[in-house]
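Fit chain B to the given chain L structure using the hints.
2 protein chains.
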Amino acid sequence: MAQPLSHPARIGVFDSGFGGLTVLQALLRYIPSAEFLYLGDTARLPYGAKSRKTIARYAVSAAEFLLDQGSQYLVIACNTASALALDDIRAAAPVPVLGVVETGANAAKAHSHSGDVMVIATAATVESHAYSAACAERGLHAIEKACPLLVPLVEEGWIDHPVTSEVLRIYFSELLAQAREAALHPDTLLLGCTHYPLLRSQIEAALPESIHVIDSAEVTAAQVAAAVHLPAAVAAPPPPRFFATDSPEKFRRLGSRFLGQPIHHVELIDLESSTRA
Amino acid sequence: MAQPLSHPARIGVFDSGFGGLTVLQALLRYIPSAEFLYLGDTARLPYGAKSRKTIARYAVSAAEFLLDQGSQYLVIACNTASALALDDIRAAAPVPVLGVVETGANAAKAHSHSGDVMVIATAATVESHAYSAACAERGLHAIEKACPLLVPLVEEGWIDHPVTSEVLRIYFSELLAQAREAALHPDTLLLGCTHYPLLRSQIEAALPESIHVIDSAEVTAAQVAAAVHLPAAVAAPPPPRFFATDSPEKFRRLGSRFLGQPIHHVELIDLESSTRA
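Residue numbers (numbering that gives the first Met the number 0), protein chains in the order written: chain L, 0 to 276; chain B, 0 to 276.
Chain L on its own, in the form it takes in the complex:
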């Protein structure tokens, strides 16, 4: 007797903007049988320059929206929110929550032989020292560097561009000098921002070959796939649904670059009126 097909697992993915679509792209490859909801809080991006309290309030309202839409798992694809608001989100959400900071630190632990890790991220993520803390919990030493020009370079579309190569050269020479001063021997670089996977080739070219680059999107998808309980036989999932708090047209246009495939429909939502302050 054939078993009835179960509903696919519904996974909510949250980011302040478009960068988290690199995580969704990887999730669609790793868990093709799941149903995905993606929320970009584009009216209030970037979170990177805001205070912890503001970021926590915004992230919790976003998580509540995804829960109201029936999410059974939450993936916090925003490094800033993972760094500064994961505890607040977990306190508000009665479902499993995975954040890119911990999945990145897990992957660094698995890859690093020396135990010394470098992290590049936005200013707010670095100032939070969330990666240092997550690495320390796993017995790793991490040095972190804020690279505030990389997101605008990606958004300008200057991916394979001499200015980007020069900016990366400057950032990495400063970071490697910082490692030498601290007498560390890093063998791993963690990309602590979801925009950075688009620069992966340029980043690898700017680093010594001995440094292994960890792409947070890829390792997050792998760890979510391992954590999510999937029914044995599921109906084919509907395509991902996209929600944004500002211009759906801009989300479609810019987001397609991060997702690596066209985005046809984006639903505009208002988180501010529903924010429980």
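You may find that some hints are simply not true.
Since the list gives no way to pick out one identical chain from another, each pair is judged satisfied if it fits inside one copy or across any two copies.
Unchecked claim - For lysine to aspartate or glutamate, the following DMTMM-like pairs were computed, each having C-alpha atoms within a straight-line distance of at most 20 Å: (1) Lys52 to Glu266; (2) Lys52 to Glu271; (3) Lys249 to Glu126; (4) Lys249 to Asp159; (5) Lys52 to Glu248; (6) Lys108 to Glu165; (7) Lys249 to Glu154; (8) Lys144 to Glu266.
Since the hints were made in silico from the structure, they are not lab data.
Frame of chain L, contents of chain B only:
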């Protein structure tokens, strides 16, 4: 018989962040007898990437706050808000309102002999074509270019830096090519973003000497000084008051660079709960 001293004129200055402090710096020089309130909507910056409707809602709530604080004049030092929300602000404010787009266009009209003007600004300001429209109203032809890397370069502190010079060289070679294709002979460059005055020397060095650079902060202050009615004899004004919607500490630290003098005290306010949607 001595006349009693009048209260100083109270002028509210609004920007999405810190950049408008370059306008306040000029205003303090041009109108030392006035009292200034400065509001940076730092929790919701940058406005540059948001939709017109969202920007108008944010800007009107900021204007209402400055009016509640007794402002008799409003200076919209945010190019994005001036470009996209000036009519909304004027509709909501029973006091004179001046925006940096119109003051910049006025100055371009006064300086340009050829009638052809170049404008550099953020993506949203350029997409609004507000400078083209304001220039056209004054009989000028304007070509506009979005320069999204300049704000993060200023915020990174890479002012006198080879990467910034190279980015400016690329942007201006594209802009001048655009002018040649349109058979224009520009003699004036309008800085359509309040961050750009900090790069003025580098911008002038990257341009042919025949191009006159108009600094929006300077020309806005001059035009506000001409428009504001000042009492003949006033009491010494109190120092400027600063309001921000996010981290006062960060406002003090970054804002001092734009104001060119230390900022000692910043009041944290919440515009979201008071926004009349």
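Now the hints, each set against the structure:
1. With identical chains, the CA atoms of Lys52 and Glu266 are at most 20 Å apart between copies only, with a shortest distance of 16 Å across copies and 27 Å within one.
2. Taking the shortest Cα distances, Lys52 and Glu271 sit within 20 Å of each other both inside one copy (15 Å) and across copies (14 Å).
3. In this homomeric assembly, Lys249 and Glu126 come within 20 Å of each other (Cα to Cα) only across copies, at 12 Å, whereas the closest approach inside a single copy is 30 Å.
4. Taking identical chains as interchangeable, the C-alpha atoms of Lys249 and Asp159 are never at most 20 Å apart, the minima being 23 Å within one chain and 33 Å between chains.
5. Within a single copy, Lys52 and Glu248 get their C-alpha atoms only as close as 30 Å, which misses the 20 Å cut-off; across copies the closest is 14 Å, which meets it.
6. Taking CA atoms no more than 20 Å apart as the test, Lys108 paired with Glu165 passes in neither setting, with 30 Å inside one copy and 39 Å between copies.
7. Proximity of Lys249 to Glu154 under the C-alpha cut-off of 20 Å is restricted to the intra-copy arrangement: shortest distance 12 Å within a copy versus 25 Å between copies.
8. Taking identical chains as interchangeable, the C-alpha atoms of Lys144 and Glu266 are never at most 20 Å apart, the minima being 35 Å within one chain and 30 Å between chains.
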